[in-house]
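So the protein sequences, as listed, match chains A and B.
Just so we're aligned: 26 in this note's numbering is position 26 of the first sequence, and the numbers increase by one with no gaps anywhere.
To get this note's numbering, take the position in the second sequence, counting from 1, and add 1000.
It cannot be assumed that every hint is accurate.
In silico lysine-lysine, DSSO-like type, Cα no more than 27 Å apart, as pairs [said to hold, decoys possible]: (1) A:LYS106 x B:LYS1022; (2) A:LYS21 x B:LYS1022; (3) A:LYS108 x A:LYS21; (4) A:LYS108 x B:LYS1022; (5) A:LYS21 x A:LYS98; (6) A:LYS108 x A:LYS98; (7) B:LYS1022 x A:LYS98; (8) A:LYS21 x A:LYS106.
No wet-lab data here; the hints were simulated from the structure.
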Amino acid sequence: MDVYLLTLVLFSIGIYCIVRKRNVIKTIIGVIILEYAVNLFFILSAYRTEGRAPIFMQEEEIVNMVDPLPHALVLTAIVIGLATTALLVGIAMRLYEKYGTFDITKIKELKG
Amino acid sequence: MIELYVLLVLMIIGALVAVELKDLLSSVIAVGAVGLALSIVFLILKAPDVAITQLVVEILALIILIRATLKKDLPLATTGRWFVNTLITACFIVLFLAVGMKCFKDLPAFGEPLMRVSGTYIKEGLQRTGAVNLVSSVILDFRAYDTLGEATILFTAVIGVLSIVRRIGRKKVGEEIKEEE
């Protein structure tokens, strides 16, 4: 139960960063931290006490494997996270070129 | 499992440092430290495939973020109603944590996962797909449409990045194209 709580603390740090910081790069960092927390939660929910990695061996019979399904889901989620991060950074760099700042209170004109 | 707790606390400290530092490059490096700790946590939790992917993706994301922040250090503005806003945010987060603690009671306990779906995968995975690694058999066989959707999202995002970052658009008459740097 404690590990879930620590993961939730990490999640709320990400939310705080997104809500409270004015720098665009800080907002992106908050999104990345949120991603970490969600992935970590899934992998934690897959863990089994004294478990083994879900890979079959040649000789020995493995009975207590961890859950392979969340691993597969998180594997796809990590790669998608990289793609969305690259998109966010691209938009941030364009904003910096146009306005000369990362401060969102100074980025006001929506004209293209 | 003491090392798991140590690494989780390290990740929380790293995240706090990344959020609160004034220097953008330093906070990006702090996020990198959090991601590498996360990859070790995945290794401890017996997920080697996820740990390798996290390591590679973390390094790539770090390179992209450093490219964005290099030579662009700006002081953070803290004017405005700083105290009131922080107080409201803190209240919201405390409420969120309280609700989360209440909800976590309904989850299965740590160390005893629900294996209703993946019990079948573990039992029949080797016969039905021939893959020794069960994670790859789930990704590429049982849930292949999921991976197809992932590839769609990935390429859509790549097209988005290209169209945003690309400098050369349609030329006006008599306009010269200038490359950056």
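**Report entry** Non-conforming hints, listed in increasing numerical order
**Finding:** none
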